[in-house]
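Novice: Letter by letter, the chains look like this.
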Amino acid sequence: MKLTSEEVNEIALESRLLLTEEELAGAVRYINRFLDALQCFKELDLKDVEPFSFAEAIECPLREDKVIPFPDTEAILHESEHVDGSYFKVPRIMEE
Amino acid sequence: MELYELNLWMLTEGLKAGKFSASEVFTSCKNRIDKCEGNIHALITRTDNEMPAFSKDGTLAGIPTIIKDNLCTKGLRTTAASKILGDWRPPYDATAWARLKDSGAVLMGKANMDEFAMGNTCGNSAFGPTHNPNDITRVPGGSSGGSAAAVSAGYVPFSLGSDTGGSIRQPASYCGVYGFKPTYGMVSRYGLISYGSSLDQIGPFARTIRDLQIVMSVISGHDKMDSSSFRNKPHDFTHNENASIKGKRIAVVKEFAGFTLDAPIADAMKRTLKILEDEGAIITEVSLPVVSKYAVACYYALAMSEAHTNLERYDGVRLGYTVKDARGIKEMFERVRSEGFGAEVKARIIAGTCLTEPTRCEEYYVAATKVRTLIAQEFSRAFGETDYILQPVTPSMPGKIGESDDDAMKGYEADLYTLPVNLAGLPGLSFFTGYAGNLPVGLQLIGARWSDSEILDAGMILERHFGSPKISDGGVN
Amino acid sequence: MAELTFTPVIGIEIHIRLKSDSKLFCSCSTDTDAPANTNICPVCMGMPGSLPVLNHRVVEQGMLAGFALNCGIRPKSLFFRKSYFYPDLPKGHQISQCDLPITTSGYIEVHDSEGKLKKIRVHHLHLEEDVGSLHHSASDGRLEGADTSYVDYNRSGTPLAEIVSEPDVSSAREAVEYVMTLRRRVIYSGASDVELEKGMMRFDANVSMKCSDGRWGHKVEVKNMNSFKALERAIEYEIKRQKKIMLQGGEVIQETRHWNDAKGITSSSRVKENYRKFIVEPDLPPLYISQEWIDRVAARMPEMPDVRASRYVTDWNLPQEVADLITDDRNLADYFESCVKAGANPVRAAHWVRTEVLRVMNEKGLKISDFTMKPETLAGLVERVDGGKLSTTQGKEVFDYMCANNSGIDEAVKALGITEGGVAGNALADIVASVIAANPDVLDEIKSGKDKKGKKLKFLQGLVMKETKGQAKPQEVAEAIAEAVK
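As given, the protein sequences belong to chains A, B and C, one line each in that order. Start counting the first sequence at 748; every next residue gets the next number (our numbering). Start counting the second sequence at 23; every next residue gets the next number (our numbering). Start counting the third sequence at 947; every next residue gets the next number (our numbering).
In short, the hints are calculated from the structure, not lab data.
Derived list of chain A stretches under chain C, where covered just means 3 residues or more per stretch with a C-beta under 8 Å from a C-beta of chain C:
id	region
1	789-803
2	807-816
3	819-833
Dumping the calculated DSBU-like pairs for lysine-lysine here, alpha-carbon to alpha-carbon at most 30 Å:
id	chain 1	residue 1	chain 2	residue 2
4	A	Lys836	C	Lys1169
5	C	Lys1209	B	Lys352
6	A	Lys749	B	Lys432
7	C	Lys1419	C	Lys1432
8	A	Lys749	B	Lys352
9	A	Lys813	C	Lys1144
10	A	Lys813	B	Lys246
11	B	Lys315	A	Lys794
12	A	Lys813	C	Lys1313
13	C	Lys1169	B	Lys352
14	C	Lys1209	A	Lys836
15	A	Lys789	C	Lys1022
16	B	Lys105	A	Lys836
17	A	Lys789	B	Lys276
18	B	Lys246	C	Lys1022
19	A	Lys794	B	Lys276
20	A	Lys813	C	Lys1022
In this text, all values refer to a predicted model and were calculated from it rather than measured experimentally. Heads up, the beta-carbon is just placed ideally off N, CA and C, and yes, glycines get one too.
In isolation and in its complexed conformation, chain A is listed as follows (with noise of 0.2 Å):
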């Protein structure tokens, strides 16, 4: 079933992302040609395969609850245009 431009448009929503009209039709052919090479997956027997996780057994590792300040914390706000004070400020939240 092919995605129509409006369902495009509100996945691109989702990811915020706004489309010029160009750019949506583009995606529109995009996905549904994607989707299309998708249904490959469907000739295939899969219910009894376990999803991939890692290529080999490998276990989570851990780390010691240890703290180690990063040491310049100051860097990491420099790179933000919005720091106020000590505080990143942000535009009104809440949808009107």
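Using the hints, position chains B and C against chain A.
Specialist: Showing chains B and C alone in chain A's frame:
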């Protein structure tokens, strides 16, 4: 012979013997960059204004290098070739770069790439395309095109790139250098700006196998900052002149036999098999039915699913490109992301979001993770039957810059020979076999997980027959 | 027509901050009271290229909290990426174990409306990272109406346990008992301090109504409750609201509503909640927990408060309400048990802890851990009072003196001029003699027989009692005086 023409191992020996100084090497490379960069545009940021201090007693003391611009460099602009990162200067170094630096390497610049490593032409960069130094009308390949071009043109003896679905091996082949994609987990990804985290791996470009071995010995090994980096795995890359492939099994993939290849590539396959046979290897065949038919779809489904979540962090609040006059947070996010990301990246974000929507997740994302299991199992079986697999890197020679296909999936299908390696977390070497006219022809050797050093040994034997690639003219003769 | 009855069907989601020094995936401090944006690093700021590394202790805290809820531990759990855009969420997704959590199911017991014990099933507990904190520019500090907000990422990446119940809760009161019992047990386990005033426990409730006519209303998710009271009020409000809609024949819409504590109402959240299937976190391999590790952590689990209280009742004859009161706070119960261990009678010790210790703690705003009197000291005091060496009044004076001066018993007794066991015998005779010697005229009057009504004798008795600071028995004083004036 100019110093910039020397290979890495020659430079380290010459420097150690005092035949020339690090600053002479630096100047020679800098002059070479000055001469070629206008034609090639391999770099996003140059850092070769003056010779920096470097660690004098490391393996790479005084050796110039270039790294892909998706590797974080402390205090130095890192862009991933995207407008959205703006002039971001990371407050930390990527582990791979930190290891190079600690062993004395001197950074000459940050290499151009496809935006967020999404592409195979290096034409999808916010900073404009890189040109193939063998023929500047052609693409250098991607996404690590700048890193490959820089080594090919003699900017530096080695560089670093990253490979998610072929992004090291394909440009290495197009530019006529060696490119190595290590086993997933061999090189720390800490500080590598993620594309598809379960597929990404950092690796080197160089003009000899021995040089690749030197670089691998520096960058490989466990890193506690990367939970996917393996402990206690073999990573001895000592160069062994006497390595042999006598009695080793080398397979071609049965299902690939029917696929069309450009003549020089098909020819190179034949010649390489002959050489390997002459060296005493046993030529065989393996069957990879799932890989040949489903790997491309599986790869793109997973890469995009992971990519869209990796790219959610770019919202303009903490770093990079932003807008200051938005009236609401949603507007701010939308404008930052719409203005900051390029077209290909947006397309992949939307695709990734679409595949992981609750209504489609089972059908696409989860199915793809299962197909990936089948692919990994298939390779695992194959490597019970053979020691190496020989296959093309790409089916065709590098195309002209600006030639684009309207159907993105066709471009993706060109990655069939490289991306299965990432799906199974295998090591893969793109090696040089000679020239067809002025264009180099590369092929690929892959092996089981952790067979990295054996692959490089085999590559060295092939290098003996094919010769090392020449430095390309870089568009300036 | 029979009157319609409604049964609320309530499920509760709780977020609890787990106790650790460093964050879940990086080595930054978890001190959220630090100056804004000082406990931050590339990882908890979601910087490009940064990668998470899991905190060993938080895994154990998750296990302990799970044990406290009668949950089992899964040998393999996974982390996922839960996506949404919000300025306090640096990566645009939260790393969470939502789909394959560290624990299996469990339960918490509460009392139903008839006072019978009932189990509220816990679906699971999972680990996840917290987001940054937002401060709003609106005059009342609230989100609504704020033109700008300020983000502090100190909290970003601090470890949380999310606890999801089955919809087994039937009233606001049960909900409160569930979260209070759960909180107490989690504190006991040592997994968290759950300091409410520091926002270490936050609640969401899923409320729907089942009607006796067979209708079942849609589920409404109520968010933004940060206290027991708020949880109770929000659920009560929501039950009333939904009942009213259903009584009028309307349909409750499935939605997310926010609790407004100031107005005491829930209101429809205007922000659309985008539910997204979670992808596996590719940067973290599966978390494997061996049986040996589970056993090791399980061995650290203390006795749970309800079990402990029952033991006090059975073994030591404490009244249930006293046992409940003392076991409410693990440290207080530990203190009490130390007293008993040091030799104090359990019932008497419980009385002292309940009345005096708690009184001083309340007056001074202390926690039991800040209470300086050693349990052995209190045990000694209890013994002396029980043994009659000190009267109850004296005991309390000594207790207060020890609290105020951080002293031992003997020092307090001396400073207060107390004679243990009271003033009697020769000591009493000496005091009587000196009192009489100081009042020769009174003695004369008594001896002359003028003190017919015994007023003067009473007067002398009073003086003696005063001299002994009330430590002599009146009968003995009267006898000693009678003897002295013969």
